[in-house]
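Chains A and B, in that order, are what the protein sequence lines are.
Here the working numbering is used: the first residue of the first sequence is 1, the next is one more, and so on.
Here the working numbering is used: the first residue of the second sequence is 1001, the next is one more, and so on.
If you are wondering where the hints come from, they were derived from the structure by calculation, not from laboratory data.
Just so we're clear, the structure is a prediction, and the values are computed from it rather than from any experiment.
Beta carbons: idealized from backbone N, C-alpha and C, even for Gly.
Heads up, a few of these hints could be off.
Per label pair, the in silico range of CB-to-CB distance [as the list claims (entries may be wrong)]:
| # | chain 1 | residue 1 | chain 2 | residue 2 | range |
| --- | --- | --- | --- | --- | --- |
| 1 | B | Trp1090 | A | Asn48 | 37 to 47 Å |
| 2 | A | Glu65 | B | Ser1022 | 29 to 39 Å |
| 3 | A | Thr80 | B | Phe1093 | 41 to 51 Å |
| 4 | A | Met94 | B | Thr1198 | 48 to 58 Å |
| 5 | A | Ile8 | B | Val1095 | 50 to 60 Å |
| 6 | A | Lys92 | B | Leu1043 | 40 to 50 Å |
Computed cross-link-like contacts, SDA-like style, restricted to lysine to any residue with a CA-CA straight-line distance of at most 25 Å [claimed, not checked]:
| # | chain 1 | residue 1 | chain 2 | residue 2 |
| --- | --- | --- | --- | --- |
| 7 | B | Lys1054 | B | Arg1204 |
| 8 | A | Lys43 | B | Leu1041 |
| 9 | A | Lys66 | B | Thr1058 |
| 10 | A | Lys63 | B | Ala1066 |
| 11 | A | Lys63 | B | Cys1200 |
| 12 | A | Lys46 | B | Lys1054 |
| 13 | A | Lys71 | B | Ala1066 |
| 14 | A | Lys43 | B | Ala1104 |
| 15 | B | Lys1054 | B | Leu1041 |
| 16 | A | Lys92 | A | Leu21 |
| 17 | A | Lys66 | B | Arg1204 |
| 18 | B | Lys1054 | A | Leu39 |
| 19 | B | Lys1054 | A | Tyr68 |
| 20 | A | Lys31 | B | Pro1060 |
| 21 | A | Lys43 | B | Cys1200 |
| 22 | A | Lys71 | B | Asp1021 |
| 23 | A | Lys71 | A | Ser84 |
| 24 | B | Lys1154 | B | Ala1104 |
| 25 | A | Lys95 | A | Leu39 |
| 26 | A | Lys31 | A | Lys4 |
| 27 | A | Lys31 | B | Leu1041 |
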Amino acid sequence: MNEKIRVISELDRVIHEPGRLMIVSLLWPVKECDFLYLLNATKMNKGNLSSHLAKLEAADYVKIEKTYRGKVPLTLLRLTHAGSVAYEKYRKDMKAAF
Amino acid sequence: MGMMLIGFGLLGYLESILPKDSIWRTNYICHLIFSYGVLVLVLGPCYLIRWGIKRRITFPRTGYVALGVGAHHTGVNGGDLAAKLKKFSWVIFIVVGGIAAAVAAGGCYLVWILCQHASSTDWIVSAGNIGYLVFWVLLYAFWIWRMGSEYRWKWLMLSFMALGLFVIGLSVPGNFIEMARPVALFVGMVWVVSGLGTLCSYLRHTQPPTSETE
């Protein structure tokens, strides 16, 4: 039992933070989404969301693509393969721990 | 879904008014062209309207999301369903049970009425027709349940649909083909009105963001 619990200390801390966990959980089942979708789904403010996305991008877990829809700026977000693998490992570790 | 049913209903009516020796009926290829032509004429504009609504209304308000790779192996959808089952309240259970009981009672009554007018071997056809009507009620009920508690008003639409199908079943007894056309049109219209209600509710509860600073 103790060995299983020790898995918790090895969890990926980039994903473990609740805000980022929410973002990755939302991105995992979809192909891509925009910033506004995550803003609505997470109910975070723009600054918080941008900050979490920047950390996920730095860890190469999320790909951020800035583009335009007509004349309106559009930020498209996608989970990378590394992000997907990390998220699946995180889930597996959590299940193993509890 | 609603417009597709309306398309099928219209197709049935248009086929019924074609002369029996018409090339659109007798020639297999022409019949296919006619059938697909009607469906494309009904469904094509609907596809464009749906695309326009997404692009002009929903994306600017609540964002864009593309479902795709990953959805099938995540178990997320299954998780949602399990969570809903867990939260299934007794109130909804009683409402659904009441509606199901009313539909079943109505169905039994319809079978009894139809059996009065039909020969003894026609009860299978009558039961098939009733099953067809009940199928639409149950499908719509499942649809509403999946949409969640925000759309409780749709249970009223379900009652209306059940009542309408009951009336159709009474007024067009016996012939499945004749019954299928008004049923498709009616269920399609209920579905479209229900969808418009959802859109109005969405517009009331959401506002486009004022500025874009990401």
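CB of Trp1090/B to CB of Asn48/A, is that within 37 to 47 Å? Holds, since Trp1090/B and Asn48/A (Cβ atoms, about 39 Å apart) stay within the stated range.
Verify the proposed pairing of Lys1054/B with Leu1041/B, using a straight-line Cα cut of 25 Å. 21 Å, holds
Please verify whether Lys66/A and Thr1058/B have alpha carbons no more than 25 Å apart. 20 Å, holds
Pair hint Lys63/A and Ala1066/B, alpha-carbon separation not exceeding 25 Å: Distance of about 15 Å is within 25 Å: holds.
Between Lys92/A and Leu1043/B, is the Cβ distance one that fits in 40 to 50 Å? 44 Å, holds
Taken at face value, is the distance from the CA of Ala1104/B to the CA of Lys1154/B at most 25 Å? 20 Å, holds
Between Lys1054/B and Leu39/A, does the CA-CA distance stay at or below 25 Å? 18 Å, holds
Hinted pair Lys1054/B and Arg1204/B, Cα distance within 25 Å: 16 Å, holds
So does Glu65/A sit 29 to 39 Å from Ser1022/B, Cβ to Cβ? 55 Å, violated
Take a quick look at whether Lys63/A and Cys1200/B sit within 25 Å of each other, Cα to Cα. 35 Å, violated
Does the Cβ-Cβ separation between Thr80/A and Phe1093/B fall within 41 to 51 Å? Given a distance of about 43 Å, which is inside 41 to 51 Å, the answer is holds.
Is Lys71/A within 25 Å of Asp1021/B, Cα to Cα? 56 Å, violated
The structure fails to meet hints 2, 4, 5, 8, 11, 14, 17, 22, 23, 25, 26, 27 from the earlier list, while all remaining hints are met.
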